[in-house]
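*Asks:* Line by line, the protein sequences are chains A and B.
Quick note on my numbering: the first sequence kicks off at 869 and runs consecutively.
Quick note on my numbering: the second sequence kicks off at 1092 and runs consecutively.
Just so you know, the hints here were simulated from the structure itself, not pulled from any lab data.
Careful, some of the hints might be misleading.
In the BS3-like style, the derived pairs of lysine-lysine whose C-alpha atoms are separated by at most 27 Å in a straight line are [what the hints assert, rightly or not]:
1) A:K936 to A:K977
2) A:K873 to B:K1127
3) A:K969 to B:K1127
Label-pair distances were calculated between CB atoms; the ranges are [to be verified]:
4) A:S937 to B:G1105: 46 to 56 Å
5) B:T1107 to A:N935: 49 to 59 Å
6) B:H1170 to A:R885: 48 to 58 Å
7) A:S919 to B:G1105: 38 to 48 Å
8) B:G1119 to A:G884: 33 to 43 Å
9) B:E1149 to A:P950: 12 to 22 Å
10) B:E1158 to A:I886: 39 to 49 Å
11) A:H940 to B:T1107: 20 to 30 Å
12) A:A909 to B:H1170: 20 to 30 Å
13) B:E1158 to A:S880: 35 to 45 Å
14) A:H940 to B:S1146: 22 to 32 Å
15) A:Q964 to B:A1171: 22 to 32 Å
16) B:P1174 to A:Q870: 40 to 50 Å
We put the CB at the ideal spot given by N, CA and C, even for glycine.
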Amino acid sequence: DQQVKQNSPSLSVQEGRISILNCDYTNSMFDYFLWYKKYPAEGPTFLISISSIKDKNEDGRFTVFLNKSAKHLSLHIVPSQPGDSAVYFCAASEDQGGSEKLVFGKGTKLTVNP
Amino acid sequence: DTEVTQTPKHLVMGMTNKKSLKCEQHMGHRAMYWYKQKAKKPPELMFVYSYEKLSINESVPSRFSPECPNSSLLNLHLHALQPEDSALYLCASSQRGEVHQPQHFGDGTRLSIL
Chain A
869 DQQVKQNSPS LSVQEGRISI LNCDYTNSMF DYFLWYKKYP AEGPTFLISI SSIKDKNEDG
929 RFTVFLNKSA KHLSLHIVPS QPGDSAVYFC AASEDQGGSE KLVFGKGTKL TVNP
Chain B
1092 DTEVTQTPKH LVMGMTNKKS LKCEQHMGHR AMYWYKQKAK KPPELMFVYS YEKLSINESV
1152 PSRFSPECPN SSLLNLHLHA LQPEDSALYL CASSQRGEVH QPQHFGDGTR LSIL
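Next comes chain B alone, as it looks inside the complex (with noise of 0.2 Å):
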């Protein structure tokens, strides 16, 4: 059983829909990240998260919006999103401190654009 626990599983969508995915982890984790993966590929770091406050934004497109309300939520918000943008897209959480840590990854959120 994944501990990042992400929703909706499955997501249909329009190109002028707005739709947000949500991420919820209640390790105590401090760092959240977004990532996609496309078919056949690895997963593709997006943006990462730190205490709440954005640390690592790839040069993600801006019709991708993250957004860390408190420690245990990450969103990522949908606007105008073009067919290639159709993929896995995966949420992980990590403890912050001294020595690295492993990312825990939720099982994603399948997203289709029509």
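Isolated chain A (complex conformation) (with noise of 0.2 Å):
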């Protein structure tokens, strides 16, 4: 059973717009949620980060928000820039006996085009 789910394999925008992608999950014990961007032939790189306790997280061009009743989270990009075209994962985290588990999405490829 998936427990977080990136239902969009792929998204296209133009530049300059606003890209948002999505993230579902099912543990409910999840209370620490990332997103990675991953290039090709390289490892993830850790892009933003929401803990349970906040619906909303800001760092420059990038913004998390996450509905905790709708077991849900989304990641804007604003605007979007060419050099953003990556695969971008969802990731949650459980807290298991005080070593953390990280659980991903199989992934959205993002497409900014010029």
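Fit chain to chain and form the complex, with the hints in mind.
*Replies:* Shown next as structure tokens:
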């Protein structure tokens, strides 16, 4: 069973517009959520995170929104740039005996067209 | 530039070989992780070390043997692997503390089993 779901395998947007990537989760024990960006032949790069006690976190062009009642989070990128083209992974964390277990979604490939 | 360094970047080995993957970080992180990522799939957690002690083993076969010799180093010893073990192996590290901290990934070792 997939505990973290990214239902859109791909997304294409124009440069300068907003990119919205969505993520749903099923495990109510998750209390920390992260977004990673991955380029080919590189490891995932941490972008932004949010704790379950918040509903919004902003860092420059990146904003993450969390709706706990809907078990849904989204990543907004404004304005989108061609360099943002990558695969974006949503991840959720559960504390297991003091150690963090990170569960990833399958990823959304974002293409930003010039 | 990633601050988690993994060597080698690529490894080809036969099913009877013994090899090791290495991971190093100098960020003072006290939690280190091994993940396995198959093509077009998300990373999947294998092991977690917290303060140099194994805290999570996600039912990984014994042909994978992790080792954490000190707070900066993490090894993954490989023996008698199967062709289906071919994958990208990612190492990550994070701070340990009262609040959640993001995991930072290396660029991985691309492993091919002949």
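*Asks:* Each hint should be assessed against the structure and marked as holding or not.
*Replies:* Hints, one by one, checked against the model:
Distance check on the hinted pair: K936 (chain A) and K977 (chain A) sit about 25 Å apart at the alpha-carbon level, within 27 Å; holds. For the proposed pair K873 (chain A) and K1127 (chain B), the alpha carbon gap of about 18 Å is at most 27 Å, so the pair holds. The straight-line distance between the Cα atoms of K969 (chain A) and K1127 (chain B) is roughly 14 Å, inside the 27 Å bound, and the hint therefore holds. About 53 Å separates the C-beta atoms of S937 (chain A) and G1105 (chain B), a value consistent with the hinted range of 46 to 56 Å.
The supplied range of 49 to 59 Å is met by T1107 (chain B) and N935 (chain A), whose beta-carbon atoms lie about 52 Å from each other. For the pair H1170 (chain B) and R885 (chain A), the beta carbons lie near 51 Å from each other, so the given range of 48 to 58 Å is met. Restraint check, S919 (chain A) to G1105 (chain B): a C-beta distance of roughly 46 Å satisfies the suggested window 38 to 48 Å. Look at G1119 (chain B) against G884 (chain A): about 40 Å separates their beta carbons, and that is inside 33 to 43 Å.
Our hint of 12 to 22 Å for E1149 (chain B) and P950 (chain A) is violated, since their Cβ atoms are close to 37 Å apart. Taking 39 to 49 Å as the suggested C-beta distance range, the pair E1158 (chain B) and I886 (chain A) conforms, at roughly 46 Å. A hinted range of 20 to 30 Å is violated for the C-beta pair H940 (chain A) and T1107 (chain B), which are about 48 Å apart. At roughly 27 Å, the beta-carbon separation of A909 (chain A) and H1170 (chain B) lies within the given 20 to 30 Å, and the hint holds.
For the pair E1158 (chain B) and S880 (chain A), the beta carbons lie near 44 Å from each other, so the given range of 35 to 45 Å is met. In this structure the supplied range 22 to 32 Å holds for H940 (chain A) paired with S1146 (chain B), their Cβ-Cβ distance being about 30 Å. The supplied range of 22 to 32 Å is met by Q964 (chain A) and A1171 (chain B), whose beta-carbon atoms lie about 29 Å from each other. For the pair P1174 (chain B) and Q870 (chain A), the supplied restraint of 40 to 50 Å is violated, since their beta-carbon distance comes to about 25 Å.
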